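Both chains are sitting in their own frames, so use the hints and assemble them into the complex.
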Amino acid sequence: MNSTSVQPFTFLLLLLVGIAAPLLFPDYSNQIAVLWLMIIFALTWDIIGGQMGYNSLGNIFFFGAGMYISAIIQIGLFYDVGMYTSAARTTHIVFTNEQYFTGLLLGVAAAGVASAMLAVVIGLIVFGLRGPYFAIGTLGVAVAAAELIASWEWVGAASGISLPVFPGQPQSQKLFFYVLLFGLAFSLLLFLRWLYSTNFGLAINAIRDDEEKAEAMGLHTGRYKRSALIIAALFLGTAGAIFGNMTGFIEPRDIAFPTTTFNIFMVLMVLLGGKGTLWGPVVGAVIFHVIKEVTWTYFLGWQFVALGLLIVIIVVYFQQGIVGWLMEKYPERFGVQIAPKQGPSASGNIGLAVHPKAAE
Amino acid sequence: MNQIIGNISLLGAAPIFNLGLLIDGLLIGSIFALAAYGLALVWGVMNVKNLAQGDFIMIGGYLTWYLGRLGIHPLFGVPVAFVVLWGIGWVIYRTVISKVIARDLFTSLLATFGVAIVIQQGLNIAFGPDTQSAQADLPTWEFADGMITVTATRLIGFAFAAILAVVVILFMKNSRMGQAIRATAQDARAARVLGIDTEKVYSFTFSLNAGICGAAGALVAVVWNVQPFLGTTYSIRLFVVVTTAGFGNMPGVIAAGFGMGVFEQFGGFIFGAQFQQALIVVLLLIVLAVRQLQQLRVRQAVQ
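Order-wise, the sequence lines are chains A and B.
Going by the numbering used here, the first residue of the first sequence is number 1, and it counts up by one from there.
Going by the numbering used here, the first residue of the second sequence is number 361, and it counts up by one from there.
Derived from the structure by calculation, the hints contain no laboratory data.
Values in this document were obtained by computation on a predicted structure and should not be read as measured data.
Treat the hints with care, since some could be wrong.
[Stated by the list, open to error] List time: in silico DSS-like cross-link candidates among lysine-lysine, alpha-carbon distance up to 27 Å:
| # | chain 1 | residue 1 | chain 2 | residue 2 |
| --- | --- | --- | --- | --- |
| 1 | A | K292 | B | K459 |
| 2 | B | K560 | B | K459 |
| 3 | A | K329 | B | K459 |
| 4 | A | K292 | A | K174 |
| 5 | A | K213 | A | K225 |
| 6 | B | K560 | B | K533 |
Just chain B, with the same shape it has in the complex (with noise of 0.2 Å):
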């Protein structure tokens, strides 16, 4: 408890600190708006909640990791984690979604829970459990006395994550597959009807959905590191962000993704960080609450 006052009494002491760690929050943040734009996605089009979104990101990161051990750069692990991650989501969507995508929710929670079991100890029995990061061996620039250092590896990945987010999104707007997309997530039985192949459209959101995660691994094994089962914490993370935001909204979910970075920042530092998981957590139930109240307001059946 005491630790806890003196960290915060260290924030309110050195505002420095505050913009380190607000710098720091955001360069995560993008990595999270990234893969919860993916998951918003899926959960938009398809009404799919992916819990196995978080094991995709582990993935896409231990195939970063396993690249840098062979020697090639990580960064180049980005574009490879995407269109192999890419691969593995369109085998898991017509071997598991398509099948369970008209059933009610439930079923298909359950059943992206047994693949983010099998994924986890898959990983598990290639990898062992042990925590690895990939190292890119980039600068660490140190600003205002050392109080703020930017490893150039976080800005990166923010740079990354931008341009991959700017990509997707220019995508989605402006191609004939985007426009599909978008006409399915409105009304999918109206998409038909107009000649859009809406099972095609769903294998390929699907597909794009775990190419984003694999990017977005391969960033957070070079950033941060990865472990087979740090996969369930990101899959939370993401449904927090998705949650407070509201799925059909993309510029919230990506705001809401830089807001959960910066929350972790701080979290971390005032709490410690073996507090992480349990606050991640403990958002979420708050989120639910805080959500279960405006619902309560509105009063209406909510799916």
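Chain A on its own, in the form it takes in the complex (with noise of 0.2 Å):
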């Protein structure tokens, strides 16, 4: 089995996955919605912090920020929004079907606009910084957001924002944004095995193996870095604005800028399938999600300290992920994919991996 038949037919499982699960489990169509928004964490994350190596804990700035800005657009194009977030508390205020989905077409899509012009601007502050400084600098952000949102009356503070209500059955709203978060986890995945193959793909590997030389052999670095925040912050702020619609009531601390929860679910997801690597953000987000659901409920109160342990014994003791584990294992089987111009989900880290013969 070569790469150039395994991976459309991957592509065409998940795609069969996608469209049968929510039928098949119609009452778990809420979990499985997360399961795809957990996907992208990590397929964006992967991008910053797996292929271009700037590991990043402030990815979720970007959910959070597309959530608030296609919340005041869904809002600001019909009332104004102080009031809104001030009245809201004690009246209903109800949106035509027409005014609800203008609302949510222009909301989403200034989401992901405004999310990648942000990413302009905070990769211009943050770029320069390297390794725990990124990571800091960045958390940095995500949190100095959560806590001037928090304070920020207009927006309704720290008591958040009652989004407008779907107008349907409870039963078509699962699944519309049930749609919504699988086409765009897809679609991510898409293009990302397209990006991957590009010359973009080497360039931002480059980056991560050895900023200094990329840049000494003509790679205008900088402009590399930030469009793949940009990239990551596009698919982020979308994924923030559909989500945000679908719980219908975001709240800076713990919705919008969630950094111990989200925010580090992401990077542990991908350490857990593997950085650096194609599928395993997505073989990572699977098994997290699926371990987190199932045991979340036993563990109840318990369920942060239980994270804290799965970090440390990810962090410390599995490094190099599912893969990434198979990679090593099994090289001949990834090796042929790593030949080139054939696959991109092999160009990972492990490319001491590659089996002279298999290459050819």
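Right under this line is the structure:
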């Protein structure tokens, strides 16, 4: 089985699973939608953290930013945002069908674009930082955003905003947002598969391996780094806008900028699956999410202690991840894919595993 | 906005307020300086950035508060917290830090972040999410017609911090172990060649840092208050302090610790207490941005 046959097959399988899952398990469609969100998280984190080697702890910033931008646009198109947030606590404000869907469409689109623009600004601030300073700096951006929004009355401060309610049955609401998140995750996966096979993929891998050298070879590293962040921010912002509408209520510390939950999950999922690979984040996200959903209920009250221990265990004992481990174990399986201009998935940090014969 | 301008003009109109805030800031800054010294020590010697630093402080604080509830005067909590945290630090070194010390820096950062989450949630489960503070029943002195108040607890906290700092600095300068630690910080490989057991040095340094944090936490519980999730704020504060000064520059770290205390007092007065956390994080971003501009000029790879 070589890469040319296995890849389209896997994508087709994933597409089938994505379509069949909510039909087979309608009760769990929200959880499965969150699973697709987790896959988006893991994949976008891997662009910066895995493929480019910049370990960020603040990607959640774009998620929350998208969420708030979309909310402001959805409400601001028809009402005054400040009045809405103060009135929403006492009265229920109704949006017509048309208002809801135009608002949602414009809101989600604007969230993606505005997050990408924010990425340009943030990129200018953080990309001069290296190593742990970059991690701390990006974490600082996310925490600062949460704190500032939590004290900004206009957008509801710490008590958050209730978004317009979906016009229709709860069942169709679930399905609607499921389709949006699944579509986003699937197109992200296809997009990244293409992206990592281009020169752009090679360039950000070069930045990971040795940034100084890459620069000396004539790569405009700054431009590549900013572009990578913009791509991640575009998808994260869109996902944030969709997820905000899915939950129907947004709030700065625990939903929009959850630095200790989603933000850490994305790093963990990628480390668990194997960073710097296309499928690693997907595998990691699926396993992590299933384990989390199953055990969370049994660890009630202790779930975050378990999370902390999980971080320590994954980081200390199992850092190459599942796909990374498979690559080390069966290099010839993946060796085929490392052939030039074939598949992007094995261009990860296990480049040593290239089998000379297989690479030809 | 008006309130902020009002507060600034109040500072201008009554200069004596400035003095009060300055004294308070310096007294509190002594605790920051102490804990930042520990962070800089671990950073310099082991090249590990300990994100659980603030949570060590919180453990120390909760120990002291708990002793206070049992009827033991909270100032006895300082040595107790030092010893207990020393033990906890040793255990964490053995189980986690020693495994990641040779890996890349993000690994140790993430591992200590995991430790921080465990500690936070553990404290939350054990003591609940409420803010607690140890009552020391010590007097408050007033000067200049009540314009300046100095509480005895803050003064005693300052004295304790100063004594501990002097002891630690003398220890680092003169004792055999202190010399070994400094040698390891300069060049771990050379130290090993010359017969220093660097593994022992590392575990000692990390335990010492945890102990210092414990003592600082005991003082925090007396002077201020403790809450399970405040630890992160302390970690960020200490990171700001050490990054500003540079971890090799111990007098700078201590000075920056005092500066942090003063900054927070003035910031809290001008902007109001609800912006306290945001202010610290924004300060972190400013410090990192300035550092980055400096690096841009030097143009060299920074670890």
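Cross-check of the supplied hints:
1. Proximity of K292 of chain A to K459 of chain B is assessed by CA-CA distance (about 25 Å); at most 27 Å being required, the pair is judged to hold.
2. For the proposed pair K560 of chain B and K459 of chain B, the alpha carbon gap of about 14 Å is at most 27 Å, so the pair holds.
3. In summary, the hint linking K329 of chain A to K459 of chain B is supported, as the alpha carbons are separated by about 23 Å, within the 27 Å threshold.
4. Simply put, K292 of chain A and K174 of chain A have alpha-carbon atoms about 21 Å apart, close enough for the 27 Å limit, and the pair holds.
5. The suggested pairing of K213 of chain A with K225 of chain A holds, with an alpha-carbon distance near 15 Å, which does not exceed 27 Å.
6. A C-alpha spacing of about 18 Å is found between K560 of chain B and K533 of chain B, which places the hinted pair at or below 27 Å, so the restraint holds.
Checked against the numbered hints above, the structure violates none of them.
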